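Fit chains B, C and D to the given chain A structure using the hints.
For reference, the chains in residue letters:
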Amino acid sequence: MKDIRDGATMMVASFGGPGGAPSQLLVALRDQGAKNLTIISNSVGMYGFDPEPGVPKTATALSFPNVTMLVENGQVSKAIASFPVSPSSSRPTAFEKLYLEGKAELEVVPQGTLAERIRAGGAGIGGFFTRTGVGTRMAVGKEHRVIDGEEYIFEKPLRADFALIRALRADTYGNLIYNMTSRHFNPIMATAANVTIVEVDEIVEPGGLDSEAIVTPGVFVKRIVKRTREGDQ
Amino acid sequence: MKDIRDGATMMVASFGGPGGAPSQLLVALRDQGAKNLTIISNSVGMYGFDPEPGVPKTATALSFPNVTMLVENGQVSKAIASFPVSPSSSRPTAFEKLYLEGKAELEVVPQGTLAERIRAGGAGIGGFFTRTGVGTRMAVGKEHRVIDGEEYIFEKPLRADFALIRALRADTYGNLIYNMTSRHFNPIMATAANVTIVEVDEIVEPGGLDSEAIVTPGVFVKRIVKRTREGDQ
Amino acid sequence: MKARLERTTMALRVAKEFQDGDIVNLGIGIPTLASDFVPEGRTVLFHTENGAIGFGPLASDPAEYDINLINAGGQFITLMPGISFFDSALSFAIVRGGHLDVAVLGGLQVSERGDLANWLNPRRGVGNVGGGMDIAVGAKRLIVVMEHTTKEGEPKILRECTYELTAKECVDLIVTDLAVIDVTKDGLVLKEIAPGYTVEEVQAVTEPKLIVATDIREIEL
Amino acid sequence: MKARLERTTMALRVAKEFQDGDIVNLGIGIPTLASDFVPEGRTVLFHTENGAIGFGPLASDPAEYDINLINAGGQFITLMPGISFFDSALSFAIVRGGHLDVAVLGGLQVSERGDLANWLNPRRGVGNVGGGMDIAVGAKRLIVVMEHTTKEGEPKILRECTYELTAKECVDLIVTDLAVIDVTKDGLVLKEIAPGYTVEEVQAVTEPKLIVATDIREIEL
Chain A
0 MKDIRDGATM MVASFGGPGG APSQLLVALR DQGAKNLTII SNSVGMYGFD
50 PEPGVPKTAT ALSFPNVTML VENGQVSKAI ASFPVSPSSS RPTAFEKLYL
100 EGKAELEVVP QGTLAERIRA GGAGIGGFFT RTGVGTRMAV GKEHRVIDGE
150 EYIFEKPLRA DFALIRALRA DTYGNLIYNM TSRHFNPIMA TAANVTIVEV
200 DEIVEPGGLD SEAIVTPGVF VKRIVKRTRE GDQ
Chain B
0 MKDIRDGATM MVASFGGPGG APSQLLVALR DQGAKNLTII SNSVGMYGFD
50 PEPGVPKTAT ALSFPNVTML VENGQVSKAI ASFPVSPSSS RPTAFEKLYL
100 EGKAELEVVP QGTLAERIRA GGAGIGGFFT RTGVGTRMAV GKEHRVIDGE
150 EYIFEKPLRA DFALIRALRA DTYGNLIYNM TSRHFNPIMA TAANVTIVEV
200 DEIVEPGGLD SEAIVTPGVF VKRIVKRTRE GDQ
Chain C
0 MKARLERTTM ALRVAKEFQD GDIVNLGIGI PTLASDFVPE GRTVLFHTEN
50 GAIGFGPLAS DPAEYDINLI NAGGQFITLM PGISFFDSAL SFAIVRGGHL
100 DVAVLGGLQV SERGDLANWL NPRRGVGNVG GGMDIAVGAK RLIVVMEHTT
150 KEGEPKILRE CTYELTAKEC VDLIVTDLAV IDVTKDGLVL KEIAPGYTVE
200 EVQAVTEPKL IVATDIREIE L
Chain D
0 MKARLERTTM ALRVAKEFQD GDIVNLGIGI PTLASDFVPE GRTVLFHTEN
50 GAIGFGPLAS DPAEYDINLI NAGGQFITLM PGISFFDSAL SFAIVRGGHL
100 DVAVLGGLQV SERGDLANWL NPRRGVGNVG GGMDIAVGAK RLIVVMEHTT
150 KEGEPKILRE CTYELTAKEC VDLIVTDLAV IDVTKDGLVL KEIAPGYTVE
200 EVQAVTEPKL IVATDIREIE L
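Protein chains in written order, with numbering that gives the first Met the number 0: chain A, 0 to 232; chain B, 0 to 232; chain C, 0 to 220; chain D, 0 to 220.
None of these hints come from the bench; they were simulated from the model. Wrong hints could be hidden among the right ones.
To be verified - Cβ pair distances, simulated, as ranges: (1) D:GLY28 x B:GLU201: 45 to 51 Å; (2) D:ALA62 x A:THR171: 42 to 48 Å; (3) A:LYS102 x D:GLY28: 57 to 63 Å; (4) A:GLU150 x C:THR77: 35 to 41 Å; (5) C:GLU219 x B:GLY140: 52 to 58 Å; (6) C:SER59 x A:THR171: 36 to 42 Å; (7) C:GLU5 x A:LYS102: 40 to 46 Å; (8) A:ASP209 x C:GLN18: 43 to 49 Å; (9) D:PHE36 x A:ARG29: 44 to 50 Å; (10) C:ASP60 x B:LYS34: 58 to 64 Å; (11) C:PRO38 x A:GLU149: 31 to 37 Å; (12) C:THR161 x A:GLY6: 35 to 41 Å.
This one's a predicted model, so the numbers in the text were calculated from it and none came from an experiment. Glycine included, each C-beta is placed from N, C-alpha and C at the ideal position.
Chain A with its partners taken away, still in its complex shape:
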C-alpha cells in the first residue's frame, strides 16, 4: 500500500456491516497514513459504536475496522456515497461531523446510480442516462433528456486510483469468488480502479475455484492479501 499517495481516490467496498468489507486493508491504510483521500463507497464508515449489550440485531451494529477509522485519523477529505451518515442523528458518524463542520466534501449518490457509475468506469462507458433521481436534488445541474417519452438524467462514470475489496477466496491469477450477500460492490469496484487490492480468506492454486462460479476474473485484480487472523471481522 506504499504507493497510495495523499490525494488518492479510493473505492472501498461496504454494505450494511462487516461482510465483504476489506477491514484489514483499511487498518493497513490507516497505518500507512495517506491523507486527503476521496472515498467512493456505499457507506462512509459505520457508526463506530460497539455492539450493544447482548446480541446485536443487525450486522450494522457490529464493530469492525471501517472508513470511520480513516476519518478519525484525519485521512479523508471527500466522500462519494449513498449512505454517508448514521441512520440515527443521535449517533452521528465521524464523517458526518466533519462534513457538517465544513471540513469535508460529500457527494450523495443513489445506490443504484453509484453501482452503475462504478460499473461504467470499469467498462469504459463515458456516461449514461438513468431515470433515477429525476425531479430530485440529484438531478440539479445534470443534463436532462427525454428518451422514448421518459425523462432521464446523465450520470458520469466513476474510477479510482485504488479499489480495496474483499472476497472469500482467490486463486493465484486473482480470480475471485465471494460469500453470499458479501458480494455487493466488490466485483464492480474491482473493475474500476487502476490498482485493485483484494483481501481474502484463502488463496488457492489455479483450478482451485469453480470456473463457472468465478465472479471476478483475475484480469481485474492486481494484488491479493490473505487475511492474517481467523475469525476476525
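Showing chains B, C and D alone in chain A's frame:
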C-alpha cells in the same frame, strides 16, 4: 410460443456455433410461423452448409437449426447483428442474399456495443456513450461528445418482445447456469426482453443449483423448455 | 375498538397485495415486516439490494447469524433453496430495468400525485439516500407504508411534498395506520379505512381532498 | 533466403511482444497462431470475446471437441486450470474498459497514423464487424499482423485507409511478412526487416514514407 406475433422483435442468442444457441426454440418458431420478425443476434444465421467431409475444424462449420432457417422460411425482415453475413463471400447466408436483394433491413453493430446496448435495455439505462465506432461508419448520424478529452458516441438501449436463450440447467424458479463459453449473449438477452424463454438440458428443483454460480436469477426468465432429444445440437 | 393500526397490522395489509410469483423488495422498517405475512398459497421471492433473491425468513437464532447473509437493512437472513446471489450492478439492473413486481418503502411524505419523500429529514440536513430512488423509479408497483400523520399529528399525505423528493409520481398505493389509498390519475382514492374511523376523520388528517371509493370498506386483513 | 515470412513466422514474431502476466486477445487468422509461441518463462492468459480468460491450446484431438468450449473464431479450445467464464457484457467491459494488455488483429489496411481498416471489403459491401472495433479502441496495445501487400501487390500500409475504418489511431505496432513497424507520433518507424530485404524494397511497397530506426535490424525471432 403462440403469443409471438408477426412483427415481433426477437433476441436470439448465438456465438460461433451451436453452443448456447436455442436451436429447438428456433425450430418451434419456424413451425409457429410468425412473420416480419426483427432478429437481434450476434450472427444472423449461420452459413447453412453441412459439415465438411471429415472432421469440422470449427464449431461454426457445424450444421444446426439457426436463424437461417427462419430467413429461408420468409419470417425475417430485419436484423441487428455484429456478424450478419457469412465469413466467406462465396457461401453467402440466406439473410445476406435477402439483404442484398433489398428485401430485408440490416443494422450492423459492433459486438461490444451490441452487448452493452442489450445490457442497457435490461438494466433500464436510457443510453450510453462509448468510444467504439468513433471515426467509422458506425458513428454516422450519432451524437458525438468529448468526455475527459476522449471522443465518444451515443448508443441506445435494445429491448425485445421475446428473448430465446439457451442454458445448461434451470431450476423451477428460472435460475440459470450456463456451460463454459456457451454463456456469451444469453445472460444479457435474458434481462432485455418482455418474455424470456430458455431452452435447457435439465430442470432441477430449487436448491439443485449452486447459488454462488447462478448467473441468471429467475426473475429474468418467464418460460423454461427442456430440450427433447439428447445429444442433438 | 378505535385504534390506529399496529405496525404489524399495516405490514399484514401490505402483504395482501403480493401476488403469486411476485419478486418483491422491502424497505427498512415496517416494509420488512411484510415478509412474514405472505398470503398462503402464494410464492413470493424477496429481492435485497445488496444482491440476493429468494432468501428465507429473518434469522431467529443468534447462533445462525452470518455477516455474509444479510438484507439491505443489515438484518440477518437465512438461506432458502433457490436463492441466488449477485453484485450491486445486477441488483440494480433488476431494480432499474423494471424487473421488480412490487416494492414497499416507508415514507416521510407522499403527495397527491404520488410523489414520494422518504430519505431526507430537513432538520438533519444530511441523509442516506440508499437505493430508494432507484427502487421508486424502477419497481412496477410501489407501495408506501407509513403512519398517516407525523408524531406531531401533521398530515404526511400532502398536496405537495415539502421535503426533498425520492421520486416523482412513483407511488401506486399508500397503506397507513388509518387507511388504504390508491394513487390514481384522478387523485387519491380512499379504498379502505381502519376499524372505527370515519371518512371525515381520515380526511381531517389528510391534506389533499380524498376521493371516496364507491366500495369503501374496513381495512381487510 | 529472400522470402517473405510465413504466417507462422509472423505469429512467432508477434508473440515476442507478449510480456509476462499479459492478458491478450487474438483475432481470427494469423493472430490466433501466436498463442503457440509465447516466449518461455512468460505466463500469458488469453481472452476470447465470447467469454473466457485463461484457456488452453486449441484442441488437437477431435474427440475432445466441445461446442461449449470455443474461441471467438469458433475453434475448439481446451480447459486450463484457472480458466474463468463470463458473459458478453463483462467480456466487452474487459475490452472497452482498458483491461486487455495486448490485442492482435489482422488488417486490410493500416494508415500512417495508425488507423485500421479490417472489417469490410468494399467489393462485398457487407461485412462482419464482430468485436474488432471494440478491441481496437479498448486494448492498451494493439498489434496488427498482416501481409505487407495485397494479393495484387498493392501496399496495405497507406497514407490514408480507403476502406471503411475499424478505428482511428489505434495501431501501435505492425508486423508483416516483410517488416516490423512502430506507429509513432512522428510517423511509421521501420524497426525490423525480413532477412534478405532492403529498406528500399520495403519502402517500395509501403505508401507512406518510413522513418528508419537507427538500430534497424533483421526481424528477430
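Hint check results:
Checked against the hint of 45 to 51 Å, the pair GLY28 of chain D and GLU201 of chain B fails, with Cβ atoms roughly 37 Å apart. Between ALA62 of chain D and THR171 of chain A, the C-beta spacing of about 31 Å breaks the proposed range 42 to 48 Å. Judged by the Cβ atoms, the range 57 to 63 Å given for LYS102 of chain A and GLY28 of chain D holds: they are separated by roughly 59 Å. Here the CB-CB span from GLU150 of chain A to THR77 of chain C is close to 40 Å, well matched to the stated 35 to 41 Å.
Checking the proposed 52 to 58 Å range against GLU219 of chain C and GLY140 of chain B shows it holds: the Cβ atoms sit about 56 Å from each other. For SER59 of chain C paired with THR171 of chain A, a C-beta distance near 41 Å keeps the hint of 36 to 42 Å intact. Between GLU5 of chain C and LYS102 of chain A the CB atoms are about 44 Å apart, so this pair conforms to the stated range of 40 to 46 Å. Range check, ASP209 of chain A to GLN18 of chain C: about 36 Å between beta-carbon atoms, so the 43 to 49 Å window is missed.
For PHE36 of chain D and ARG29 of chain A, the hinted distance range of 44 to 50 Å is satisfied, since their beta carbons lie about 47 Å from each other. Between ASP60 of chain C and LYS34 of chain B the C-beta distance comes to about 59 Å, which sits within the given range of 58 to 64 Å. At about 33 Å, the CB distance of PRO38 of chain C to GLU149 of chain A agrees with the hint of 31 to 37 Å. Evaluation of the 35 to 41 Å hint for THR161 of chain C and GLY6 of chain A yields a pass: the beta carbon distance comes to about 39 Å.
Hints 1, 2, 8, counting from the list given before, are not met by this structure.
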